[in-house]
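Each chain is listed here by its residues.
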Amino acid sequence: MAGKIVIETKELTKSYDGVTVVDRLNLHIREQEIFGLLGPNGAGKTTTILMLLGLTEPASGSAWVYGYNPTREPLKVKRLAGYLPEKVGFYENLTARENLRFIAELNGISYTEANRKIDELLEMVGIGDKADLAVGKFSRGMKQRLGIADVLIKSPKVAFFDEPTAGLDPEGINQILDIIANLPKMGATVVISSHQLYQVQRVCQSIGILSKGKTVIEGSLDQLGREALAGGNYRIEVEIAQPNPKLMDILNKVPGVRKVETEGNLLLVNADSDLRAEIAKVVVQSDTSLIQMKIQEFSLDDIYMKYFHEDARLTEE
Amino acid sequence: MATIFRKELADYFTSIRIFILFLLVFGASAAGLFASFQGIRGIGTETGFVFLKLFTTSGTAIPSLTTFIALFVPIIGIALGFDAINSERSSGTLSRILSQPIYRDNVINAKFLAGIATLSIMILATILIVSGYGLRMIGVAPNAEEIIRLFLYLVITITYGAFWMGLAILFSVLFRRIASSLLVSIALWLFFGIFWGGLIVPAIARTTEVYLMLQRISPATLFGEATEVLLHPISRGAGLLTAGEEVSYMLFNPLSLGQSVLIVWPHITGLIGITAVCFAVSYVLFMRQEIRAT
Numbered sequence: 041m042a043g044k045i046v047i048e049t050k051e052l053t054k055s056y057d058g059v060t061v062v063d064r065l066n067l068h069i070r071e072q073e074i075f076g077l078l079g080p081n082g083a084g085k086t087t088t089i090l091m092l093l094g095l096t097e098p099a100s101g102s103a104w105v106y107g108y109n110p111t112r113e114p115l116k117v118k119r120l121a122g123y124l125p126e127k128v129g130f131y132e133n134l135t136a137r138e139n140l141r142f143i144a145e146l147n148g149i150s151y152t153e154a155n156r157k158i159d160e161l162l163e164m165v166g167i168g169d170k171a172d173l174a175v176g177k178f179s180r181g182m183k184q185r186l187g188i189a190d191v192l193i194k195s196p197k198v199a200f201f202d203e204p205t206a207g208l209d210p211e212g213i214n215q216i217l218d219i220i221a222n223l224p225k226m227g228a229t230v231v232i233s234s235h236q237l238y239q240v241q242r243v244c245q246s247i248g249i250l251s252k253g254k255t256v257i258e259g260s261l262d263q264l265g266r267e268a269l270a271g272g273n274y275r276i277e278v279e280i281a282q283p284n285p286k287l288m289d290i291l292n293k294v295p296g297v298r299k300v301e302t303e304g305n306l307l308l309v310n311a312d313s314d315l316r317a318e319i320a321k322v323v324v325q326s327d328t329s330l331i332q333m334k335i336q337e338f339s340l341d342d343i344y345m346k347y348f349h350e351d352a353r354l355t356e357e
Numbered sequence: 278m279a280t281i282f283r284k285e286l287a288d289y290f291t292s293i294r295i296f297i298l299f300l301l302v303f304g305a306s307a308a309g310l311f312a313s314f315q316g317i318r319g320i321g322t323e324t325g326f327v328f329l330k331l332f333t334t335s336g337t338a339i340p341s342l343t344t345f346i347a348l349f350v351p352i353i354g355i356a357l358g359f360d361a362i363n364s365e366r367s368s369g370t371l372s373r374i375l376s377q378p379i380y381r382d383n384v385i386n387a388k389f390l391a392g393i394a395t396l397s398i399m400i401l402a403t404i405l406i407v408s409g410y411g412l413r414m415i416g417v418a419p420n421a422e423e424i425i426r427l428f429l430y431l432v433i434t435i436t437y438g439a440f441w442m443g444l445a446i447l448f449s450v451l452f453r454r455i456a457s458s459l460l461v462s463i464a465l466w467l468f469f470g471i472f473w474g475g476l477i478v479p480a481i482a483r484t485t486e487v488y489l490m491l492q493r494i495s496p497a498t499l500f501g502e503a504t505e506v507l508l509h510p511i512s513r514g515a516g517l518l519t520a521g522e523e524v525s526y527m528l529f530n531p532l533s534l535g536q537s538v539l540i541v542w543p544h545i546t547g548l549i550g551i552t553a554v555c556f557a558v559s560y561v562l563f564m565r566q567e568i569r570a571t
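Residue numbers (our numbering), protein chains in the order written: chain A, 41 to 357; chain B, 278 to 571.
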């Protein structure tokens, strides 16, 4: 990614009643990328976002958003940043249009400009026909869409979405993610906090995984995938016609193979590199019929699980 | 801040709660008018201030308008303030508003001001309605002093309402649940309205001095005494002077406006003081509070 770093935290720390929620966090988010802030519940994702917005003061360390310190200059940051809280709420007695107009007024957007933008945004998030309906009658999915329109009305340079897909049906999730995926084209940097890995994987270019307030890993998805692979984690699945006990030993002797497991007709080979050609050769030579072979691609899930297993082991020790 | 103020005011005036409160207020004005209609003929007019009698005369069974107002103003104040902050918090709008480029104190200031504006409109409406119909009923126009006394009464009533609203806002900052803040506000109102002045103080006070001192801790007493002195020019207030035997030597003539104001000056100061304290405490708590979505 070529973009310059626009959001940065340095040793950012926050504790509540002696419990450290965010622990010396270092994050780097580049301009116009979608950054996924991942981690299990209670990892400190929301607290981090609140500190970046200046809604919560860090105990120590610092954060920078487009060159502004959110603790010292919260208003300047809030002018640039849109925030969709996890449990987004609207004034239920007002219509969608009125809710958005209120936010527009708070941002100093003129009446005519606000009206134009409201129509445009509501159309974009797919609730254009419900503009004059009281928000109290909205479903969860519609409120979430309205929430996105609400973030975008101020044309933010950076948008924070806290669990934007929580509580939505699969179709709703896809539509929301599509909208979010398009935001960088409109010039916004996006930060999504989530524990829904697959969804984040679809739209993010970079991720940071948090656990117990610490960054476990941070970087672009490609790079992280390579790192995981370089760690010797090629996993090749070999399906054969009938079990062959001798095959285990043969495979173990192939240079580069680390471990072989069997599950009936399936052989799971852990290797240092892509050994499919060699494996195919030895399988065929051992008079076993090879049905198929595939290499497992590393998904975010694997990266996530890998680091979390390590993390769990560390805490056990 | 003007934006939030406007929205809050619009919210107040479109809510069912305010509609009911207005009904209550107008019902009370009607009852007060009826009371003075029943009672005003039996009252001697030798001390003057006939117009003020409209507000303070009670009927055969119906209490006077000032009694109604003393009863309703705290309820209005509490109703305007008890969910000011925590309803926004629980509905998730607070974190959305605070992530906009506005100062945090604007939110609470605007809410407080919108509440006072609503309160003022209600009380002013009551007084004007009663004045208007009363004028038609008794046919005696108020003189300048009466108008000034009524105006002072209006100011002190608004302050009293603002105190209860400030207290309710304080509880709405303090408690996360709307039911808690409402119950605690009402409990405090009942405590000062009934138990403090009626039961506790008479039970523990040994001397008149201590009795009066303890009584005046209660904002309800402060308001009651101030009303009495302002609208009953004959009254000397419940001061130490009038508590003893000296009462029998008192001349039966009304006090001048200046003297009446002098008597209630500490009351007014006290009411404004506790209102300011309530607001300041809620302000500080709100500024320091953690704003989370959940």
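Any given hint could turn out to be false.
The list that follows gives simulated cross-link-like pairs (lysine to aspartate or glutamate, DMTMM-like), each with its CA atoms no further than 25 angstroms apart [claimed, not checked]:
id	chain 1	residue 1	chain 2	residue 2
1	A	177	B	365
2	A	127	A	277
3	A	127	B	365
4	A	127	B	422
5	A	254	A	48
A short list of chain B residues far from chain A (calculated; beta carbon distances all over 10 angstroms) [what the hints assert, rightly or not]:
id	residue
6	369
7	374
8	375
9	379
10	394
11	414
12	431
13	432
14	478
15	481
16	539
Calculated from the structure, these hints are not laboratory results. This structure is a prediction, so every number in the text was calculated from the model and none was measured. For every residue, glycine included, the Cβ atom is placed at its ideal position computed from N, Cα and C.
Taking the hints in turn, this is what the structure says about them:
{"no.": "1", "hint": "A:177 to B:365", "verdict": "18 angstroms, holds"}
{"no.": "2", "hint": "A:127 to A:277", "verdict": "42 angstroms, violated"}
{"no.": "3", "hint": "A:127 to B:365", "verdict": "12 angstroms, holds"}
{"no.": "4", "hint": "A:127 to B:422", "verdict": "57 angstroms, violated"}
{"no.": "5", "hint": "A:254 to A:48", "verdict": "15 angstroms, holds"}
{"no.": "6", "hint": "369", "verdict": "3 angstroms, violated"}
{"no.": "7", "hint": "374", "verdict": "7 angstroms, violated"}
{"no.": "8", "hint": "375", "verdict": "6 angstroms, violated"}
{"no.": "9", "hint": "379", "verdict": "6 angstroms, violated"}
{"no.": "10", "hint": "394", "verdict": "18 angstroms, holds"}
{"no.": "11", "hint": "414", "verdict": "40 angstroms, holds"}
{"no.": "12", "hint": "431", "verdict": "31 angstroms, holds"}
{"no.": "13", "hint": "432", "verdict": "32 angstroms, holds"}
{"no.": "14", "hint": "478", "verdict": "40 angstroms, holds"}
{"no.": "15", "hint": "481", "verdict": "40 angstroms, holds"}
{"no.": "16", "hint": "539", "verdict": "46 angstroms, holds"}
The earlier numbered hints that this structure contradicts are 2, 4, 6, 7, 8 and 9.
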